[in-house]
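*Asks:* Chains A, B and C, in that order, give the protein sequences.
First residue of the first sequence: 1197, per the working numbering; consecutive thereafter.
First residue of the second sequence: 79, per the working numbering; consecutive thereafter.
First residue of the third sequence: 98, per the working numbering; consecutive thereafter.
Derived by calculation from the structure, the hints in this document are not laboratory data.
Each hint can be trusted.
Away from chain C, derived, C-beta distances all over 12 Å, residues of chain B:
1) 117
2) 136
3) 138
4) 149
5) 209
6) 278
7) 294
8) 357
9) 436
10) 537
Heads up, incomplete: computed chain A residues facing chain B, CB under 10 Å, no partners named:
11) 1214
12) 1224
13) 1241
14) 1263
Quick caveat, the model's predicted, so the values are computed rather than measured.
By construction, the Cβ of each residue, glycine as well, lies at the ideal position given by its N, Cα and C atoms.
Read off the chains here:
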Amino acid sequence: MSTGLIFAGTGAILFAMGVAGVMLLAHLLRRILAFNLMGSGAFLILIGLAQRAGLVDPVPQAMVLTGIVVSVAATALALALTRRLHKLTGAYTLPATRDD
Amino acid sequence: MTEFFDPLAWLILLPLFWASGAFLLGPTRGARLAIVGVAAQLWLAIDLAVKVGDGGTAIRHAVGGWGAPLGIDLIADGLAAAMLLLTHMVALPLLLYARGYFAADASVARYFWPLSGFLLAGLNALFLAADLFNLYVTLEIVGLAAVGLVAAGGNATQIAAGLRYLFATLIGSGMYLLGVALIYGAYGTVSIATLTPLINASAASAVWIAAALMLLGLMLKTALFPFHYWLPPAHGGAPAPVSALLSALVVKASFYLILRLWLGPFAPLTGTIAWLPALLGSAAILWGSWQAIRAVRLKMLVAYSTIAQLGYLFLIFPLLGPDGLALQAGGMQVVAHGLAKAAMFAAAGAMIHVTGRDAVADVAGVASRMPVSLFAFALAGVTLMGLPPSGGFLAKWLLIDAALTQGQWWLVAVIIAGGLLAAIYVFRVLRQAFLVPAQGERRHLSHRAPPLLEWTAFTLAAASVLLGLRGVDLLRLLAVGSGP
Amino acid sequence: MTSNEILPLAVMASSLLPGLIIFTLPESRIRWRTALNLLGALAKLLLVGLLLAGVAAGEEYGFRYAVLPGIDLAFKADALALLFVTLSALLWLFTTLYAIGYLERSPHRSRFFGFFSLCVTATMGIAMAGNLFTFFVFYELLTLTTFPLVVHRGTDKAMQGGTVYLAYTLGGGALLLTGIVWLHSLLGQIEFTHGGVLAALADAPTWQLQAIFLLLIAGVGVKAAIVPLHGWLPQAMVAPAPVSALLHAVAVVKAGAFGIIRIVYEVYGIEFAQSLDLLTPLAVMATVTILWGSFRALFQDDLKRRLAFSTISQISYIVLGVALFGPLGTVGGLVHLVHQGLMKITLFFCAGNFAETLGIHKVSEMDGAGRRMPLTTLAFSIGALGMMGAPLTAGAVSKAWLIDGATAAGMDWAVWVLWTSSLLNAAYFLPILWRAWLRPLPAAFPNERTAARGWRETAWLLLIPPLVTAGAVLAAGMFSDIAWSPLAWAQLIAQREYLQGMP
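Based on the provided sequences and hints, a complete structural model is requested.
*Replies:* This is the structure we're talking about:
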């Protein structure tokens, strides 16, 4: 098994864990961390699969860099909203939805 | 120097400029800047649509003079030009509307103007992008700006709706990104044009997984049943101009992407499962309409109607054929629903603004106090019900025609039933509005409706109906370079 | 654009534009509103006159506009269209006058007259539709524009009536749409053509053509109030009297009947429809409706509801005429389209007068009304006698042609149906006349609002329209043989339908 595939396999596991975390966890901070895990998993796969014949492909590196910027922005937004929600309701979990 | 004035680049740059400007200048001057900017963009979009429609070929732009594979390509074919035109036809009235709506509320407006600029920049970039990774970035820009807009109101319900929406959209784009990674791993490229001839039915299983992940992620972002859970609180809870932008445009962006992928690179993979989106779409129509029928709050009714109307878009997949009827139906429905839903949220917002209450029961007597808003709501309703002469009617006609041509009777039944269910929830509101309230109940109809709110809603509604008379032009535009 | 293209559009614009302007007028601009209404109505009559002269001379009027590739919004002012157009335009003028008097001092008049004009426009569109697509567009527009009129009063009862009305008509519209698109997917655009176009589909499975026919007829049959699709009509009587008069006695129900005429003659073609065994079931449906409507009318105490059930019955005379294979029945059905409109609008005007002036809503309250309001009651009597088919009235002419048509078609049972219905008509109209003329004046009428002034038993705007239309009922009966009478025009249509239909 090449190092690339090991990276990719790890990435897939991380991604699956992340998705499960975002969907199943209640605490908002944990969900945000899970989202970051998800993103890292995807980046690992991108880097890992793109290794061909030992040569490093620069394009996925650039993509991952962009992706990291995006996920930093998303994390910041999520943190800001969480802080605000905590200030208003005192809770770190989402209130139950009203069914109407 | 002709390159410098290329409308494709300016459609993305202009909103970025005025969004930053609005952030620095504050809500009052920022609003003016934004409206001037969107007016200029509308002009660019019209110009582009005319050029593409008349020229009959797609228009390209290599950003900074660097084309693919190293740089970024922007491509405007008929579908993209139509989406850009729709975006700005909806955005300009809505920004004017927002100026009236937020006049008394500077705290929300402070966020609204910059965020709507970033939203439009993201949308425009998304419609023009030609590679899968750029599409990911634009999807995220759109998603984050939309979440910001939902939460901009700042109360706990809106923040919670924003967070719920944020996690949904992040999972959706995460799945999309994973798909992109797998595709890049398999083919070493993310350019849609390069990929399309490479992918065929005997592709590696990683490609199948990639396609499944990307389409599922996008369906989640389009709020297709049963992934719709995040939409009603987000669209029903946000301020009216935001709900209108989101329902009319943002969900269409991810649908646009599904359509691109389905018709382009993934076409060889999707043939056997085309019934699945149609099945989910049918469920969305029935479930969304049913929820709209029993919704207590007016904006929730409109939000659930969005879920139902998005369902129609997914009915086209098993019907896509050489006659192009289904694709035309889809394009027509996207535009008609975009205009109508923006109008409906705007009208509902105006009614809530004046009555100060948001239950369906509270619109009683609106017919005599706010006839223009009610008219706007009714005209938008005509489009949603698919009654003539609206654009929604033409979409429904084309869809039924396509379904009959292919012998898919169950789809015909769903479409007809969906129209009747829409009539129930639309007339539920109209009926209430025509009721003369009992003498003691004239309480909260104290102040007059701001004309700006009423007439912008009316303009959008009238456009959605009059689209029915310009069907030929829209279909001609959509036909340009459709397919990869 | 040539004048032959502009004229049909101008006919529609003459009610559309005043309607749109009226919406923007404030409630207090009564004079402007009245002037616009009357100007529109008179302009329309003038334009229709031009069209009539042209069509009689063999001119062809039409206009097309492409909506989708291969689908046009097409207008065609042929002889058949003009029969309906002329009737609606003429009655619009009188109903407008009546409505101005009737709605004096009531709220939301701009909205009322705005939608009223839009309804008339939609009716014109139905009449002049050149293909099934266009017909459907205006058919649904008529549904949408009548809803605000039905619920105009804004009471809970009005809402209930409006809801029932919508449930029926939108449901019918859905069936109609399915049928039309189905035909469209088989044959492309369906133009209304003398002799029909479906003969080209003779190879298609019969069940398919029969199923489409059922969908189409059920779709238009809702508006034509064919049993069992008639339930909305009595409910819609909560609308103000002018609405009941023009829309529910003339425009809406006639739109349905007119649709049946177009579908049978100009889509399927009368011969082809006969060869598919479609006409006899249609005749049976019409028969059931005629008898059931008359039967139910017997037991209605509410005057407007009695008239509504009478409408249900009478509209199917037209359907029966269509379903009788042969030119005589066709003439009978077509001429009844006009005659029934004249008679029924008279009756509704009078019912409105009784309600407005004396507060009479029920048959049991009619005692002595003839002594207090002789002119109104006279007009009512003429309309009622016409419905029974009494000699010298318009009703006698249509009935005679229908009976001749049934005899010629060898359908003797239809003759018996017509006679039975006449008897039933007499049974539910004569007691009203007897009460009104022969019973003594009661101590007080339920709610007498307008005092009598000399010969003017009520406001003159309420009095003139029923007298004029009652006069027209007599004129159409006595002078049916002269040129330009409804009968002469119906004969012209039947001639063109049957002669040009032959290959």
